[in-house]
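Number of protein chains: 4
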Amino acid sequence: MTDSRPALGVGMVGYAFMGRVHSQAWRAVGAFFDLPVAPVMAVLSGRSAERTAAAAAQLGWAAVETDWKELIKREDVHIVDICTPGDSHAEIAIAALEAGKHVLCEKPLANTVEEAEAMVAVAERAAARGVRSMVAFNYRRVPAVALARQMVAEGRIGEIRHVRAQYLQDWITDPEFPLVWRLQKDKAGSGALGDIASHIVDTAQFITGQLITGVSGLTETFVKRRPLAEESAGLSAAGGGGATGEVTVDDAALFTARMSGGAVASFEATRFATGRKNAMRIEVNGSLGSIAFDFESMNELWFYDQNLQAEEAGFRRIYVTESGHPYAGAWWPPGHGLGYEHTFTHEVKDFLEAVGNGTDPAPSFADGLRVQRVLAAVERSAADDSRWTTVDG
Amino acid sequence: MTDSRPALGVGMVGYAFMGRVHSQAWRAVGAFFDLPVAPVMAVLSGRSAERTAAAAAQLGWAAVETDWKELIKREDVHIVDICTPGDSHAEIAIAALEAGKHVLCEKPLANTVEEAEAMVAVAERAAARGVRSMVAFNYRRVPAVALARQMVAEGRIGEIRHVRAQYLQDWITDPEFPLVWRLQKDKAGSGALGDIASHIVDTAQFITGQLITGVSGLTETFVKRRPLAEESAGLSAAGGGGATGEVTVDDAALFTARMSGGAVASFEATRFATGRKNAMRIEVNGSLGSIAFDFESMNELWFYDQNLQAEEAGFRRIYVTESGHPYAGAWWPPGHGLGYEHTFTHEVKDFLEAVGNGTDPAPSFADGLRVQRVLAAVERSAADDSRWTTVDG
Amino acid sequence: MTDSRPALGVGMVGYAFMGRVHSQAWRAVGAFFDLPVAPVMAVLSGRSAERTAAAAAQLGWAAVETDWKELIKREDVHIVDICTPGDSHAEIAIAALEAGKHVLCEKPLANTVEEAEAMVAVAERAAARGVRSMVAFNYRRVPAVALARQMVAEGRIGEIRHVRAQYLQDWITDPEFPLVWRLQKDKAGSGALGDIASHIVDTAQFITGQLITGVSGLTETFVKRRPLAEESAGLSAAGGGGATGEVTVDDAALFTARMSGGAVASFEATRFATGRKNAMRIEVNGSLGSIAFDFESMNELWFYDQNLQAEEAGFRRIYVTESGHPYAGAWWPPGHGLGYEHTFTHEVKDFLEAVGNGTDPAPSFADGLRVQRVLAAVERSAADDSRWTTVDG
Amino acid sequence: MTDSRPALGVGMVGYAFMGRVHSQAWRAVGAFFDLPVAPVMAVLSGRSAERTAAAAAQLGWAAVETDWKELIKREDVHIVDICTPGDSHAEIAIAALEAGKHVLCEKPLANTVEEAEAMVAVAERAAARGVRSMVAFNYRRVPAVALARQMVAEGRIGEIRHVRAQYLQDWITDPEFPLVWRLQKDKAGSGALGDIASHIVDTAQFITGQLITGVSGLTETFVKRRPLAEESAGLSAAGGGGATGEVTVDDAALFTARMSGGAVASFEATRFATGRKNAMRIEVNGSLGSIAFDFESMNELWFYDQNLQAEEAGFRRIYVTESGHPYAGAWWPPGHGLGYEHTFTHEVKDFLEAVGNGTDPAPSFADGLRVQRVLAAVERSAADDSRWTTVDG
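Protein chains in written order, with UniProt numbering: chain A, 1 to 393; chain B, 1 to 393; chain C, 1 to 393; chain D, 1 to 393.
One chain only, chain A, in its complex shape:
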């Protein structure tokens, strides 16, 4: 049971929703994938010593730090996994990369384009020294999404005409839901836009292989003030006392777009789609076929093959659990589906392979910046009468 592979210590910053799911990924990845390196769950950092220790015990981290700067300094940490809100990404990531640590950073890459640009600059210098970085757009690692990318790349749907992407949630429809950090611009950067529109922007660009070149946007905040939060975790929270505060981010963001290959696109992200829990959806229509996906049925990819004669054609439900499907073969027999957390296990697997093989993982910080620029263009357009706005870069 000796292991000849290099062991790489992981230091994770943050242990809330994202920290919990990343932990599960680090814990499981080695049992299912043959990796060139062996990850070790070395250190967890959080501000509260007591809570961090409890989280580390539960999640399986060997040591704790209360200052992420100390975590970065540790010799037993080779990889820094950033699971904090967006306002701290730039500082931590830049420090880690400069200290020679590989970095996996949660999305959105940063809260502003400026921060993201600084991160990309550092990441590119680091890459030249063999230090790797990746932004955690986990939905690329849904087997059905990866299969969609593969089919598009193989030309199965032909020339792309339409992209139709939605990310629908409903966790703040209740006006009494409190003012958690995700509703505060200084911490979260933006609302539905940065949190979930970022995912569909990345996924749309990933699947089509096209970039968004321009947008016309509209944002809305339906509930302007909310009770101040006492405590929050994940996407739930309890309101405190009677005091309220201003919601400083968007509740919903809608935009039309054009893509570099000629497709027109429609995007919508909202936290007010009552009854839609995590409906991250994308449909792509091409000259030879279409693909459609909804994360609420994450093991399914729907494919329409225009090459079949009309009488036999129809959207077909590919149950993405076959051994030849991306990622799926490492798990269970056909028909035994995966869940949300597996997307992170796949992400960590791809990251570790890149680190072990000395290649740059994707999506890169530059990819994250590109998403950021799209979001910024949406905000600018929304603030300017929805006028068409070219995406920078």
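Derived by calculation from the structure, the hints in this document are not laboratory data.
Among these hints, one or two may not hold up.
[As the list claims (entries may be wrong)] Partial pick of chain D residues on the chain C-facing surface, computed with a CB cut under 8 Å: (1) 17; (2) 32; (3) 162; (4) 218; (5) 220; (6) 224; (7) 261; (8) 264; (9) 268; (10) 286; (11) 290; (12) 308; (13) 390.
Ideal placement from N, C-alpha and C gives every residue a C-beta, glycine not left out.
Chain A is already provided as a structure; the job is to place chains B, C and D on it using the hints.
Just chains B, C and D now, with coordinates in the frame of chain A:
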């Protein structure tokens, strides 16, 4: 078998796709609904004497005319049903109304706002004399859509935040599909915009009871030139020789919108959504619930009731075939669904009831004009860098 | 508008649920299909002069009779359409055939095997004289079911291993629902078995081209006594006073079966499947693929093609509205679905074509007898400890 | 990070498909559930030293044994987890229980009723000494299935009339698929019957709270001979040379049943349902509503509430990911679904809670025996012309 109800002669202009389905409606309506008047399928008009005679024989019309002006003059014609392309609507409708005939006019009401305004003016004067007019937005008469309207009006989904409407077809994805009249601006006015976006605009306003106040639009023509058509019927046609002509209408139209009650909305109409045949879809999210509809499953309305506790809530498939559902009770027992043509039978039923009862049917020409103004605003916005454009009126 | 085709007068017996839907079929068929003969809605017969006259006026029949024997005698009646309960089928059909009238008879063919055998004997003698007969298993005429038959016949799913058929309704789950004729053995013959299991037996044999050779059955009556009915129509009724009567038919029937080509099969018919309104479902699994159908989504056929590589395979939703699909091309453009009544229009069309072309229509009375024998075997097995019972014939 | 809870060493026997998924469960359970004891992945046993060592390294087991008898003897093993084929369950489980080890045993409990009876006898004696045992029917731990049980127990669907259960797979439709152990009676006991019908029998009894009292069965082996297998893992294998062997188990098993509370039921298990990968489905119809489940959409429970008025009723898709749903609250926010492996994590969690709290876990070996007796009755009935056969016990 004597019938004490007043008999009203119907004169129909045009016998292509819309004429065929209207004929079926006139033929069937009396067998299923108790009407205050008895419609008689009196006269069919078309330009070719031979073809019109053949159509009349097949569709069950008692007489034919080759000039719609003659049809209007006939004393046995009390109702004029206009099933021609949009470029002739204004002339025929105005003449008929001025001749004291009730008018049912296919959508879009007209090809331009100006024509539509003229029609509304004449219709309002006619109404003062007891002459009725209605524009044929048949999707309002899908039982599931009528139920959606009813549930929204009863407050079942609360304050509306989102409307998400799409009308997706794919009948011209093939670049060899010929240049039929629906692809020519002079005849059709516009493309997907007037033909199918008009339906979702009307349906969205109908279900929500809100008007669209402003839009930001984008249109696209993917295939710029097409073979000249030899002959066409319905939505199919055969291309002729090698000559091509310019496509002068939009293939797809996308727009975001704001509605009078505070909702934000997203609309998309396209003839290039490969695999989507007639996917007229609308979802409305409110503070107390949501409703969702797709015409490809036209007997179903999906409803999410936020008042249920979270552990029991979920989108529920109401199979809209119960005796208490709008229109459905007149037909078959629960579970025995209706088809496309029934929406027209319901339309004709509502029209005849209004005529017989001396009330104004809905949607009125003014409603049709309102839709036209939204479409015009979309076109203006699309031509002006998607800039936000207020809907007139 | 003269019509050179021979006109054939139709006389219909009964005007309840089946009579209404047959009327719609006779009324519409000529407008959509090119027929070799022209049907005329000549005579309707029913016991009550007043009610029959009202029905004839509403449904479009030219004359009425209060005795079906008179209807059969009439010279203007060439076709007799039997829409009465099963206990009168044999007498009417035999009399009509012997009088030289073509007969379309509602299912089940008869209430007993003996009656059905007598009908077949008469029908075969009549056929020798050019008099046609057909039993009305309308579900064969759902375009999706006809397409399923076609695909199986073309070998698209290979050697058949499994048939899985269900007919689920819920209209008598309420124990206060009254004792209508469909719940009385003397009128209906049996319950769910004859009424709806008959449909899935016929459909299974039709699609597979195999006969059911043996069965093991089980039947159940959940509610043994019910209020006496005052009046009933279709599948709804109102209970009267406080008196109750015995339910003498099965509420549910389940059976396993073997088919002539080696398939094993499972059948279930029930009126107690709460929430299932008219779920007539069938799935067939073969060595090369599968097909699946549910009447609650009647315009869809699901097809799994095993010949595709596993990574691209999946059940595909064929939206059976293409011009090349059985029956569908006569109606509307792709994506514009049909409803329940169209199955009857297709049935009448096929019947008229056979009559006009001098061929025997299917399903024949012999086919109806075969279904009857399967049902009888199920009853015998159910009465004998579910012992395996060979189907006679 | 000290842990005051008692540590319990787990020794697992077998490391194929079931061993891999059980390992993932032992590995993850502590990170998501607050347990009264702390499981330690102590020992893995398998016959090949080399392969077992490799598996242990990959799956995270601290030590290995090549003889399960040695594993049972070890002092660091408190729990024995049996993941071998059914022919060895009895011997291992009895030895372990007699050695005072808690036992989690994969299903089916044994290959014969006799073995299962012996196991129950030993388990009951062991329970008296505080030694716990459980049979691993993991589908009880699908959150949607647990919710279904809860809703039925709360009376939400009333008196149960129908159970409709299917377990459809297609992994051996190809006649060239080799003769793996699952197709050999001496190793597997039976085919689809023991392997997958056992799951739907347990699930049906679990959800309804009723026992199956009698059955009428039918079994079939479509492919009688198959190539001898060289090597196999999970549900896939490669055939060797040209030699073939006899398939000694059923490919498919169908049976009707009656349940102790008056419901009638239909069961079908097959490995020949082309296109159905792991369709473990169950629908239950009651006087007040219905529930329906399909493992291929494992995060969904469909519920029909008859108490709603007909016009608003419909099957509703409960997305079983809310914090108040069974098991689900321990994982991610609403809308972030789980996968196949989580059912095992939940199973291990319930087992550890019972062990830690000194209670007997469910399903017990007696529950497993009850399932075995149903399967035996199906086999006896199938061998006796499908005659009705009472389930023993």
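- Double-check residue 290(D) for me: the hint is only fine if its C-beta lies closer than 8 Å to a C-beta in chain C. 5 Å, holds
- Item | Status of the residue 268(D) interface restraint (C-beta, 8 Å, chain C) | Result: holds, 5 Å to nearest chain C Cβ.
- Message: Tell me if the interface restraint on residue 162(D) is satisfied: Cβ within less than 8 Å of some Cβ in chain C.
- Response: Holds: closest Cβ of chain C sits about 6 Å from residue 162(D), inside 8 Å.
- Query: How about residue 308(D): closest beta carbon in chain C under 8 Å, or not?
  - Reply: 10 Å, violated
- Restraint satisfaction for residue 390(D) [CB to CB of chain C, less than 8 Å]: Hint violated; residue 390(D) Cβ to chain C Cβ min 10 Å, cut 8 Å.
- Under the criterion of a CB-CB separation shorter than 8 Å, is residue 261(D) in contact with chain C as hinted? Result: violated, 12 Å to nearest chain C Cβ.
- Task: Mind checking the CB of residue 224(D) against every CB in chain C and telling me if the closest is under 8 Å?
- Result: 12 Å, violated
- Message: Interface hint check: residue 218(D), Cβ to nearest Cβ on chain C, cutoff 8 Å. Holds or violated?
- Response: 5 Å, holds
- Interface hint compliance - residue 286(D) to chain C, C-beta minimum distance less than 8 Å: Holds, because the Cβ-Cβ distance from residue 286(D) to chain C comes to roughly 6 Å (cut-off 8 Å).
- Closer than 8 Å between Cβ atoms is the bar; does residue 32(D) clear it against chain C? Give me holds or violated. 32 Å, violated
- Against chain C, run the beta carbon of residue 264(D) and see if the smallest gap drops under 8 Å. Interface hint status for residue 264(D): holds (5 Å vs cutoff 8 Å).
- Message: Restraint: residue 17(D) near chain C, CB-CB cut 8 Å. Satisfied or not?
- Response: This hint is violated: residue 17(D) lies away from chain C, its Cβ roughly 18 Å from the closest one there, beyond 8 Å.
When the structure is compared with the earlier hints, violations turn up for hints 1, 2, 6, 7, 12 and 13 and for no others.
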